[in-house]
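Asker: Each chain, letter by letter, is given below.
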Amino acid sequence: MSEIPPTSNGAATPDLASRIQDRSAGPGRLLTLRTAVDDIVSWRGSFVANPDPAAGDPLLQKLTVSLLDKGTKQRDRFELAQVLEECGAKLDVSSDGLFVEVSGRALVDDVPRVMDVMAEMLRAPAFNPEEFEKARAQVAADIQRRMDKTSAQASTALSQRLFPDGHPNHRPAPQTALDRLQRLSIEDVRDYHATHVGSTEWTLAVVGDLQHDPVATVVAEALDGWAPHDAPAAYAPDAAPADPGRSEVPMPDKSNVDVRLGHAVPIRRDHDDYSALYVGNYILGGDFAARLMSTIRDEKGLTYNIRSSLSGVTTRYAGSWQTSITLSHDAVDEGIAATKEVLRRFVEEGATEDELDAKKTTITGSYTVGLATTERLAQSILTNAERGFDVSYLDEFPEEIRALTLDDVNDAIARYLDPDALHKALAGTQPEPVGAGEGPTRRPE
Amino acid sequence: MTETTTAPPHDIPAAVEFQEASDGIECYRLTENDLRILLLPQDGAPVATSMVTYHVGSRDERTGHTGATHMLEHLMFKGTERYHKRKGTSIFGTLQRVGAKVNASTWLDRTNYYEMLPTQHLPLALDVEADRMRGALLDPGDVEDERTVILNERDRNQNDPVSRLFDEVWGAAFVAHPYHHPTIGWKSDIESITPDGLREYYDTFYWPNNATLSIVGQFDRPEVLAEVAERFGQIDAAPHEIPQVTTAEPEQSGPRRVTVRQDGQLGAVLMGFKSPPALDEDSDVLDVLARILASGKKSRLYRRCTDQGLTSDVFGINFRLRDPGLFSVFAYLAPDQDHETVEDAIRETIVGVQEDGVTQEELDRARSQLRAQIAFDRDGPMRVASQLNEALAAGDWKLYTQYLDRLDQITVQDVQRVAQTYLTSDKMTVGQYVPSEA
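Here the protein sequences line up with chains A and P, keeping their order.
First residue of the first sequence? That's 1 in our numbering, and the numbers climb one at a time after it.
First residue of the second sequence? That's 1 in our numbering, and the numbers climb one at a time after it.
Calculated from the structure, these hints are not laboratory results.
Treat the hints with care, as some may be off.
As the list claims (entries may be wrong) - Derived DSSO-like pairs: lysine-lysine, alpha-carbon spacing no greater than 30 Å straight-line:
#, chain 1, residue 1, chain 2, residue 2
1, A, K73, P, K87
2, A, K424, A, K340
3, A, K300, P, K87
4, A, K90, A, K62
As the list claims (entries may be wrong) - Taking CB as the label site, the calculated pair distances span:
#, chain 1, residue 1, chain 2, residue 2, range
5, P, Q409, A, D109, 51 to 59 Å
6, A, D92, P, N103, 22 to 30 Å
7, P, T359, A, Q211, 32 to 40 Å
8, A, D165, P, D263, 36 to 44 Å
9, A, D407, P, D220, 50 to 58 Å
10, A, D109, P, T359, 51 to 59 Å
This one's a predicted model, so the numbers in the text were calculated from it and none came from an experiment.
Backbone N, C-alpha and C define an ideal beta-carbon position, used for all residues, glycine too.
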C-alpha cells in the first residue's frame, strides 16, 4: 500500500502531516510516524545546548558528548555497549552547532531498552577521569585527521574569512583547537554538562514499524523528570563584514587542491526569499546536471567535482553561499578562472525558464525519493521541528517550490549572490609558489 | 529458514521466464538474450531503485589497460544517440529532472549503474539503461575530456595516505591476479587508454547476457516486467563468449611488508590476510570473526587497542570477492603511539582467538548484529540493491538472501578454525602509513 500517494497532477506529495502524531511526552515534544517497513524503528532527537562559540564551547561540547557513552552512574561503558550490541541496535550522540543530536535505530521490540540507555547516557554520565583522558586523545586524533584533508582545511579557512569567532559557522584553526583541547579538564566537562545539557527544546522524531501510544509511554518513562538547562543563547547571529580576500593553507605532498569560493548571505531559512534562492543555487550547482558540473566538469574536463550550496543557513543565524571545487595542480588557475566566469554569467544573466522547470521537478522528485527510509524521514521531521516550522510544512515544501516563478528566482539571485564579493580559500600543494592553499577501505571508484 | 521457491507467479509476460525466488526476491530471465532480472517488491513510499550490474570489473583488465572499466563507466554517462546533451537529453539531466538519485560505481568484480526515483518514472530509467547497454557513443572527444576528470579523481585519492596504503598492500599481496592493481588504474594507463581500446572493452563485456537488472521498491510486477521485456528484449545477446579471468594467485608463503610515507599527522596500520572466495562457507565465518574482532565496544580489538589508547579507531573488514581476497584489520594510531606496538597488540589479539577460541556470547552477539543489519537493509530500496550488487559480483545473488541461514550454522569452533587457517603470518601482508614528519 502506498504510504506517499501521488497527487492528481502526477507529482508526488508526501502527505505526512496527517499521519504524524505530535504530542508531549516526558520533558519535550514527540513526533511519531508509522510506515510500511517491517520490524525496524529509527529516531532522531535533539535539544538546544546553547554553546558559546567565542568561548570555545563547540569543542568542549564535542568532548562532553563523546563521553556520554563511556559509562554512566549505573553502568560502565561495556555494560552500555552490551545492551546495544546484543540486539544490533545503533545509538549515537553528536554535537551539531547549537544542538546536541541523538540518533538511533533498533528492531521494534528492542526500542524500550535502547531508549533507556539513551536517557541514561544523556542524564547521568559518569565522567570518569580515565575515560576523560582517552576521550580527549580521541578528539585530538579526529582533529589531526581533519588536518590531513584538503577539503576540511579549505572549508575551515573560508569559514574564518566569513564569520566572526562567536558565530556558529566559524571553525577555529586546527592547531588552535588542539591547543584549546589540551587546556580542558574533566571539571570543564562536568560543568558544561551541568549547565548546557538538559531538555531545553527537546524534540524526538520516531519513525517505522511502531504503535504511537506505546512509543510515547516508553519515551515519557525514560525521560521522566529530565529538566531543562539555564544556559542562554550566546552566539553572534550575523556574518563578519569584510572585503573579499584569499586564504591559503599550504599542505605538502598533496596531488589535489581544494578550493572554496563564498560569501555570507543575509537571509535565514525562514525568510520569504529563501526558497527562490535555494532553487537558484540548485540551478547553478545543485547536482550533476547543474551549470557548474555541466560546464567545468562535463565540457571542460577540469575537475572531478564542483558544487555550489547554501551552507549553514538556519532560522537562527546567517550562513553562506559557497562553491567547492577540487583541482589537480596543473588546473588550479584555469579551474578557478573558469568557475568564476560561470558564476559571473549566471548572476548577470539569471536562470532560464527551462532550467527552472527542470529543477522544480528535480527538487520535488528527489524530496520524495529522500523520504524513502525511516532514517531520512526521522531526520526530516526533526529538522523541520528544529526550524520551528509546523508539521504541515513537510507537505507544503514541494508546493512552495512549484509555485516559484522565474522572476522570483532571478530576483533572489540578483539580490543575494555577488561574484565580486567572493572570498577564496585554497588548501593543498600548489606548484608555484606553494600557498601563494565512515570508515577507511579500498573502495569502489 | 529462508524460503526458496520455483513456483512461478502468474501474470508474467511471455518474453520473461521465471527461474526461482528466495526470501522474497524473484529471479527471471529474458528468453531472447538471457538478461537476468531480480525483483523485490516492497511496501512503502512510491519509489524504486533500478540497477544494472555488469559482470565486469577491474579484474578483467590487462596490463597497460588498467582503469578501463572505470573510465568506461564515466563514458557511459556521455550519452547515446537518443540521450545526449546536444539534444537537451543528457543522461544525468534527463534522470535528475524527475528527481532520480543517479550514479554508478566500478569495483574489482563488477560495474553498476543505478537510479533511485519515483516509481512513476521507473520506465524512464529502464529506457536509459537499455539504450546505453549497446548504444553508448564513446565519442573520442568525450574520452579526452573525461581523461582529465579521472586524473583529478585519482589525484583526490592520492591526497589520502590511507587510500595509498590500501593500494600498496593489495599491490604487494597479489602478484599475479589482477586484484593487484587499483580499480582507478595506474596513472600512465589512464593517460594512454585510447577510444578504440575502450570501444573494444565495451563490445566485449556490455551485453545483456553479462548483466543483471535489479528492481527494488514499490512497483507493479506485470507492468515492470513488460517494460523490461519491451526495452531490453530487443537487444541481442553477445555474439561471443564473455572472457573470464583464469589467473589464480599463487600461494603466498611468507609475510610481506610495505610502507607509505606521506606528509600527515597520524600513522596507520593495515594487516591483510589471504582469504577464501566469497562463495566459500568460510567467508561467512570470517564475517563473524571481523565482527568479534572489531565491531563495537565489546569487540576484542576495541578493548585491546582503542580502549587502551593505542588506536583512535580500528576496523575488521572481510572483503568478499569472487576470487580469494584479503581479510583486513585496519587501525588508525592514536597520537604518540608507534606502529610496532599497535601491530603487536593486533597480532596478540588474533593469537588469542587462534589459541583459545571465542565465546558463545561473542558469536551470538555477532550474529545478532548481522541479523539486525539485514532487517535495516530492507529500509527503503537502495540498501537492498547495494547488497544484491555485491552478491552478484561475488557470483551468486542468493549469497544475500540465504545469509542468515548460513550464519545459523556457524559454531565457535568454526571461528577458531578460520582464524587458525587464514590469519597466519605466511598469508599476511602488512602496510604502515608513516607520516613523513614523524
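Asker: With reference to the structure, classify each hint as holding or not holding.
Answerer: Status of each hint after checking the structure:
no.: 1; hint: A/K73 x P/K87; result: 66 Å, violated
no.: 2; hint: A/K424 x A/K340; result: 11 Å, holds
no.: 3; hint: A/K300 x P/K87; result: 19 Å, holds
no.: 4; hint: A/K90 x A/K62; result: 19 Å, holds
no.: 5; hint: P/Q409 x A/D109: 51 to 59 Å; result: 25 Å, violated
no.: 6; hint: A/D92 x P/N103: 22 to 30 Å; result: 26 Å, holds
no.: 7; hint: P/T359 x A/Q211: 32 to 40 Å; result: 36 Å, holds
no.: 8; hint: A/D165 x P/D263: 36 to 44 Å; result: 28 Å, violated
no.: 9; hint: A/D407 x P/D220: 50 to 58 Å; result: 41 Å, violated
no.: 10; hint: A/D109 x P/T359: 51 to 59 Å; result: 24 Å, violated
Taken one by one, the earlier hints fail for this structure at numbers 1, 5, 8, 9, 10, listed in ascending order.
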